[in-house]
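Going by UniProt numbering, the residue at position 103 of the sequence shown is 103; the numbering climbs one at a time, nothing skipped.
Just so you know, these hints were derived from the structure itself, not from any lab.
Hints may be right or wrong, so weigh each one.
Only pairs whose alpha carbons sit at most 30 angstroms apart, straight line, appear in this in silico DSS-like list of lysine-lysine [unchecked claim]:
1) Lys133 to Lys53
2) Lys10 to Lys60
3) Lys112 to Lys10
4) Lys32 to Lys60
5) Lys112 to Lys144
6) Lys32 to Lys53
7) Lys28 to Lys10
8) Lys53 to Lys28
9) Lys4 to Lys60
10) Lys53 to Lys4
11) Lys32 to Lys4
12) Lys144 to Lys60
13) Lys28 to Lys60
14) Lys2 to Lys32
15) Lys137 to Lys112
16) Lys84 to Lys144
17) Lys60 to Lys84
18) Lys10 to Lys32
19) Lys142 to Lys112
20) Lys60 to Lys112
21) Lys2 to Lys84
22) Lys10 to Lys84
23) Lys142 to Lys60
24) Lys144 to Lys133
25) Lys112 to Lys84
26) Lys138 to Lys112
27) Lys133 to Lys84
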Amino acid sequence: MKRKQERQEKILSLIQEMTISTQEELLKQLSKNNFQTTQATLSRDIQELNLNKIRTSPGKFAYVPPRDTHEILAEEEIRRSASKIDRVDFLLVIHTTLGKADILANIFDEAKNEEIVGTIAGADTLFIAFRDKQIAKKYEEKFKGYL
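Whenever a hint applies, use it, and build me the whole structure from the sequences.
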């Protein structure tokens, strides 16, 4: 059991350190780190760890830990569709291309982030209510970095 835990910790470490798109790539990296395993065992590890595979660019994918999935999806969508971000006290207002605000709202809602109280989306504008001004400011800076 200890070896399994060590292997799964190494899998998480590897996918956070580098872009790994396939199980074959992951098997090679594990082997380089002295973890010999089969594809079937790796597949079970991926399931047990609840890893997700997300698109990083057109035609390219990568494994990510489940806690990072919504953040990565939000970053991708903000980069793709946001045109302006404003903050008023504890609210962030994200202006998007037409029809994209609800997609972003859904990403934030599904993340179940304790710092976010709720979202309201129109056709091209998203309001995100945060617990306080400092949290809103932190996210404003983070999201503006994506533009």
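Unmet hints by their number, sorted upward, for this structure: 1, 21, 22
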